[in-house]
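S.K.: The lines below spell out each chain.
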Amino acid sequence: MKKPSLSIIIGIIVVLCGFYGCNAYNGLVSQDENVSRAWADVETQYQRRSDLIPNLVNTVKGYAAHESQTLRAVVEARTKATQITVDPANLTPEKLAEYQAAQGEVSQALGRLLAITENYPDLKANEQFSELQAQLEGTENRIAESRRLFNEAAQQYNVSVRRFPNNLFANLFGFSVKGNFKADAGAEKAPEVQF
Amino acid sequence: MALTHRLNMKKCLLSLLALLLTVAVAAATYTPDNLPIPYLQDKRQYVSNPDGILSQTAVDSLNLWLGQMEKSHGVQTVLAVVEHIEGGDTYDFSMALGRKYGIGRKDQNSGLIILLSTGDRAYTILTGRGLEGTLPDAICKRIENRQMLPALREGDWDDAMLQTVRAITAYVDGDDSLVGSSDFEEDDAYALMAFCLFMAVALGLIGLAVWYDNRRKSYCPSCKQYKMKKISSYATTNRSLGIRTHHDTYRCTHCYFTKEIHWDEDIHSHGGSAAAGSALGGSFFGGGSSFGGGSFGGGSFGGGGASGRF
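Top line first, the protein sequences correspond to chains A and B. Reminder that position 81 of the first sequence reads as 81 in my numbering, one-by-one numbering, no gaps. Counting from 1 along the second sequence, just add 1000 to a position and that's the residue number in my numbering.
Hints in this document: simulated from the structure, not taken from any laboratory. Remember, it's a predicted structure, so these values are computed and weren't measured experimentally. Each hint should be verified, as a subset may be incorrect.
[Claimed, not checked] Examples of chain B residues lying across from chain A (beta carbon under 10 Å, computed):
1. Val1179
2. Phe1301
3. Gly1302
In this text, a Cβ means the ideal position worked out from N, Cα and C, and glycines have one as well.
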């Protein structure tokens, strides 16, 4: 029996590699798509919070007009945060950290605003304010949940991108590691309340 | 020796009993993992009331209303009233519960969790992703402020839950985009389908048997062809034995060979097969009407709803 020539063996190996490469590529594409979808949800929830802020500021203004400094801080933080958007194709860890920092400032400004509302019993008794606050709370909850889901998707994707031999194909096709949300810098310490 | 052994046994049993007692006491603080969900055993039970905080009357009414809500709008609810939960945060607890069981139908994500922890003095209404439009956070808060809170402040847990569910039902009824759960009809549909399939197979088998019987009868032993035709037949009846004997004469259309076939028919057994058929049908449809355990559809929660303390 004739030995199979070297070229045939090499040919088979190349075809197998090709199959594996296609498979790895398709897997990475669908995981990348999952991350993008999770990211879109995160942005939607932050946008939702952003949309609630003017209404909240106006309601508080009606009862606590002289807290203008705190109110202005919220509006400014919001404006700054809306300027920073991240393209899902470019979710690098640096970009994401920048986005998180900007949104974190909004969270802190909002925290201070809600803290001062404690001093206004009339405001707290206002049903509209109570419902607005509930909406804000619900939105914060949604943000937390969407961030959790995003981190899960990003982690799964990152593991595939970095694992051998997928990393060879990932490099070849330009799939790079994506960033994820770190625990908020202000989360471990409660917002300061000054009297 | 035997005595010490027995003493050891007794000690063992006592310590086991003590352990059970501590478990029973500790169980008053619930985690999402050990909170009993009666719905899983009986799909008419939406209320988890392990500490007996709600009266049986209230539980029955709540189960009835929540059952109607699931039937008409596909909203799958878990309502839990407990003494204490681990951590004391009703929102976190509800989210964990929703994640664990996947409450709500998957296609419209219409899960709803209502949790009241009387010892922690905290409550949450948690809406599934698909319910956020029907019951926005502000509306949940309004229901809590107007319906739940006044009763909670008076310690009237029954009324707090009844009022809350009634208010929620009103909002859900106003939303036509929510499609009713076809779960109950689905069971019947499956039973019907299974029955039809069974009937089709049975008829097919009978048809096959008849065809085979005819073919066998048409076989001509002389020219080995299937060309025999029945040309005459008569029957004799023996009433005392209850047997009718048929005498069929067949002739081959090819070689004109003739053969006679005799077969007995039991007169008494008439109608037997019909009775068997109806009995089968009865048992098939009877199975659908008994209530089994429910199952959750895999709905997801995005964090919508409202929580509060009193």
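S.K.: Take the hints in turn and mark each one as holding or not.
M.R.: Quick rundown of the hints versus the structure:
no.	hint	result
1	Val1179	24 Å, violated
2	Phe1301	8 Å, holds
3	Gly1302	5 Å, holds
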